[in-house]
Amino acid sequence: MADKPETREEKRKLKKRKHKRGSGLLFKIAAVLTVLFVIAGAVGSFTIYGLVQSAPEIDDDTFAFANSSTLYDHNNEEIIALSNGENRQSMSIEEVPDHVKDAFIAIEDVRFHDHSGLDIRRIGGAVISNITNGFGAEGGSTITQQVVKNSLLTAEKSMTRKVQEAYLALELERHYTKDEILELYLNKIYFGNGAYGIVTAAETYFNKEVDELTINEAALLAGLPQRPSGYDPYQNPDLAEERRNTVLYVMHEHGFITEEEYNEERSMPVEDMLEKGSEDESISDAFMDQVYRELEQIDGLTASMIYNGGLKIYTTYDADAQAHVEEVLNSDQFVQYPDDNFQAGVTVVDNRTGEIKAIGGGRNQEAGENRSNYATHIKRSPGSTIKPILSYGPAIEHLKWSTYQQIVDEEMTYTGSDQVIRNYNGEYHGLMSIREALTQSWNIPAVKTFQEVGADKAKEFARNVGIDIEGSVYESYALGSFDEGISPLDLAGAYSAFANEGTYNEPHTVRKVVFPDGREINMQPEGVQAMSDYTAYMVTDMLKSVVEEGTGQVAAIGGVPVAGKTGTTNFNEETKQKYNIDEGVPDVWFAGYTSNYTAAVWTGYPRIDENSYIKTREDRQIAQHIFREVMSGMVNEETGEFAKPDSVEEITIDTSTGERADSSSSRSDLVTELFVTGTTVKDAYSLVEDEWEKKQKEAREEERAKQEQQRRERERSEERERREEEQQETDNDESESEVVDEDGLNIEIDPSDDESNEEPNDSSNDEEQGSDEEDNVEEEKEEDKKEEKEEKEEEKQEKEDDKEEEKDEENNESSSSSSDDESDSDESDSDSEEEDN
Numbered sequence: 000m001a002d003k004p005e006t007r008e009e010k011r012k013l014k015k016r017k018h019k020r021g022s023g024l025l026f027k028i029a030a031v032l033t034v035l036f037v038i039a040g041a042v043g044s045f046t047i048y049g050l051v052q053s054a055p056e057i058d059d060d061t062f063a064f065a066n067s068s069t070l071y072d073h074n075n076e077e078i079i080a081l082s083n084g085e086n087r088q089s090m091s092i093e094e095v096p097d098h099v100k101d102a103f104i105a106i107e108d109v110r111f112h113d114h115s116g117l118d119i120r121r122i123g124g125a126v127i128s129n130i131t132n133g134f135g136a137e138g139g140s141t142i143t144q145q146v147v148k149n150s151l152l153t154a155e156k157s158m159t160r161k162v163q164e165a166y167l168a169l170e171l172e173r174h175y176t177k178d179e180i181l182e183l184y185l186n187k188i189y190f191g192n193g194a195y196g197i198v199t200a201a202e203t204y205f206n207k208e209v210d211e212l213t214i215n216e217a218a219l220l221a222g223l224p225q226r227p228s229g230y231d232p233y234q235n236p237d238l239a240e241e242r243r244n245t246v247l248y249v250m251h252e253h254g255f256i257t258e259e260e261y262n263e264e265r266s267m268p269v270e271d272m273l274e275k276g277s278e279d280e281s282i283s284d285a286f287m288d289q290v291y292r293e294l295e296q297i298d299g300l301t302a303s304m305i306y307n308g309g310l311k312i313y314t315t316y317d318a319d320a321q322a323h324v325e326e327v328l329n330s331d332q333f334v335q336y337p338d339d340n341f342q343a344g345v346t347v348v349d350n351r352t353g354e355i356k357a358i359g360g361g362r363n364q365e366a367g368e369n370r371s372n373y374a375t376h377i378k379r380s381p382g383s384t385i386k387p388i389l390s391y392g393p394a395i396e397h398l399k400w401s402t403y404q405q406i407v408d409e410e411m412t413y414t415g416s417d418q419v420i421r422n423y424n425g426e427y428h429g430l431m432s433i434r435e436a437l438t439q440s441w442n443i444p445a446v447k448t449f450q451e452v453g454a455d456k457a458k459e460f461a462r463n464v465g466i467d468i469e470g471s472v473y474e475s476y477a478l479g480s481f482d483e484g485i486s487p488l489d490l491a492g493a494y495s496a497f498a499n500e501g502t503y504n505e506p507h508t509v510r511k512v513v514f515p516d517g518r519e520i521n522m523q524p525e526g527v528q529a530m531s532d533y534t535a536y537m538v539t540d541m542l543k544s545v546v547e548e549g550t551g552q553v554a555a556i557g558g559v560p561v562a563g564k565t566g567t568t569n570f571n572e573e574t575k576q577k578y579n580i581d582e583g584v585p586d587v588w589f590a591g592y593t594s595n596y597t598a599a600v601w602t603g604y605p606r607i608d609e610n611s612y613i614k615t616r617e618d619r620q621i622a623q624h625i626f627r628e629v630m631s632g633m634v635n636e637e638t639g640e641f642a643k644p645d646s647v648e649e650i651t652i653d654t655s656t657g658e659r660a661d662s663s664s665s666r667s668d669l670v671t672e673l674f675v676t677g678t679t680v681k682d683a684y685s686l687v688e689d690e691w692e693k694k695q696k697e698a699r700e701e702e703r704a705k706q707e708q709q710r711r712e713r714e715r716s717e718e719r720e721r722r723e724e725e726q727q728e729t730d731n732d733e734s735e736s737e738v739v740d741e742d743g744l745n746i747e748i749d750p751s752d753d754e755s756n757e758e759p760n761d762s763s764n765d766e767e768q769g770s771d772e773e774d775n776v777e778e779e780k781e782e783d784k785k786e787e788k789e790e791k792e793e794e795k796q797e798k799e800d801d802k803e804e805e806k807d808e809e810n811n812e813s814s815s816s817s818s819d820d821e822s823d824s825d826e827s828d829s830d831s832e833e834e835d836n
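Under numbering that gives the first Met the number 0, the first residue of the sequence shown carries the number 0, and numbering increases by one thereafter.
Hints listed in this document are in silico derivations from the structure and should not be mistaken for laboratory results.
Here the structure is a predicted model, which means the values were calculated and not measured.
All clues given are correct.
In the DSS-like style, the derived pairs of lysine-lysine whose C-alpha atoms are separated by at most 30 Å in a straight line are:
id, residue 1, residue 2
1, Lys-378, Lys-511
2, Lys-207, Lys-177
3, Lys-511, Lys-161
4, Lys-681, Lys-696
5, Lys-693, Lys-399
6, Lys-693, Lys-681
7, Lys-681, Lys-705
Please model the complete structure; the sequences and the hints are all you need to start from.
Have a look at this one:
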């Protein structure tokens, strides 16, 4: 008996000895007949013969000249032929190290050297292998079939394609050797990040030649073709490492590497393996990241077909908008950034269609190197930008609250917790409207509103605008403290529904894909009515107040109606202590819109440490600066006001009475708010009915006091008139007592004096007149004192009457009141929200 092979080289030679193409002719015939027999049972041998006859011809030109795919912008102008940016370099299979070949054969087609193009055993065992060894351990198609599918056929899942694929795989094996087929595969396959073919992939990810690749590097590359975007080691290092370890596992399982090599190679973190590779801006741009992500969602469309399938890919790309976003992020011309590590992500969306016009993936990033897309790939807690989505939007939608809805900002804790909810200034502000609460971003009203709506309705509202929250939604979510966050892309899509009269269009970069045979796939999603038009308009109007007079004033664009919301997250105490953080925050957001476009901006640092966090008030405003500068470039002649629907009514309210204003209302007490048609001002006091009753009572008391004051003024006026008349009569009597002498002189006669020859005493007469005036003054003082005394007695009596009324009300309330039990719910801990005015 021959000795058992011990080394990889011996195993490999043994496999090659077993593979004898000439002696396997009978097996080939049997395999073909078996496959054809099975298929014939389904569709008939005559149909199969026709399908085989119509299959493409195999020749060398087929593999040497692939049809390139072409990208088009939002105006259907050609952007680029994807093959022009491939930087393809081919190599002979003899130059590829054995361990590199082994990695691809192990994960893609372990019996590659034993079958003749179709692996019947593999097709049947693929499902079992995936269950026992993990998803991706083994697929159903051989390497030969993949070469055929990527080079000769479309991605259509049909009986026609399956029959032709099987036939052509057998034909390919007849015309080419195994090494030639493997060479075609390695030089053709797409590895992500613009790396097309193994030579470019080795340069892109490791800056190496293929013959320099280690075992774990080869395993990483072998795992990428199945899903290049999902396993992208720059974007998703954890998934890429898991996939690499799967390849290493099957290499060890099939004897390509030893157990010692397996354990050693899998211990290397993927992030430590990567180097800066070749650059290709056209396909590594943040916008193209999203294009690839959407194309990969098309069933049956492989990564290789995206590049060399002869496709026409029509996108939403706006070159001018994209260039402006990149300039705002990567220069100091518009915004002053604190340092080069400070990052930002921006997504700009068309409100009416959901088309993504531009994506700013980050600052100071170059294509092909270790970069992250902060516009589409991050998951960060959104802070207060979520308040319109989880609190105020659902409240208007389901409870028909007005923008004047009254709510109390007061000390409170989360349900079932002793954690106190705080505002960013540490104060409470009492009774207010939800417009004021949102404008100033007070936290307690947002949580109270969330409680009134209910978690289920809030979660449903968020899902309708594209934010699908998994699991339970806690009260802390109303302040944007998420277990798993969202991206600027998600937030921009949600806010665009408010701007689009309540209709949500899923944000997208690809409009349609046209195949070489003329078949089209429409990628534009259907609009969904996520909310009523009154909800969209009333939220928009409140968000305008945020920008005009609240926390978002830095984002304002002169002469342009803008609605938007700020958002800030906080560090927990553990992080503060770990990095010695006194004042500072990890994330600051701003999301807003004009009548045409919506933009969402995230700012922060990739990783938090002692020096990498948002420290100053000025840095917290950078998100608003970015929004203003980006959106200023999107303003055009179509930008205008938001149209008020018929379902919304404007009502001017007298805040002193809590009722509609009338002619007697003081201008200082007037405010105009929005109401759902059919609701009333009194409805705005549904949470504080006692306050409304209090206002009504105060208004009645004020009216009585006003009437009493008017009565007293009338009485005083009448008294003054009476005294003036009496004084006038006195003056008239005195004038009648005067006489005239012979010389024409006026002589006053003293009736008490019998001696007419005495001279008149002028001084005594003056004294008497002055005495009369003093008496009148004293009388007026006495009258005033008397009136004041009467007023005090009346006020005292009114207070006693009020006390009696209050006692009666309390007795009535105590006799009819009952206590309600509230069920506790679990609540996740979160830090309070901060905002900057």
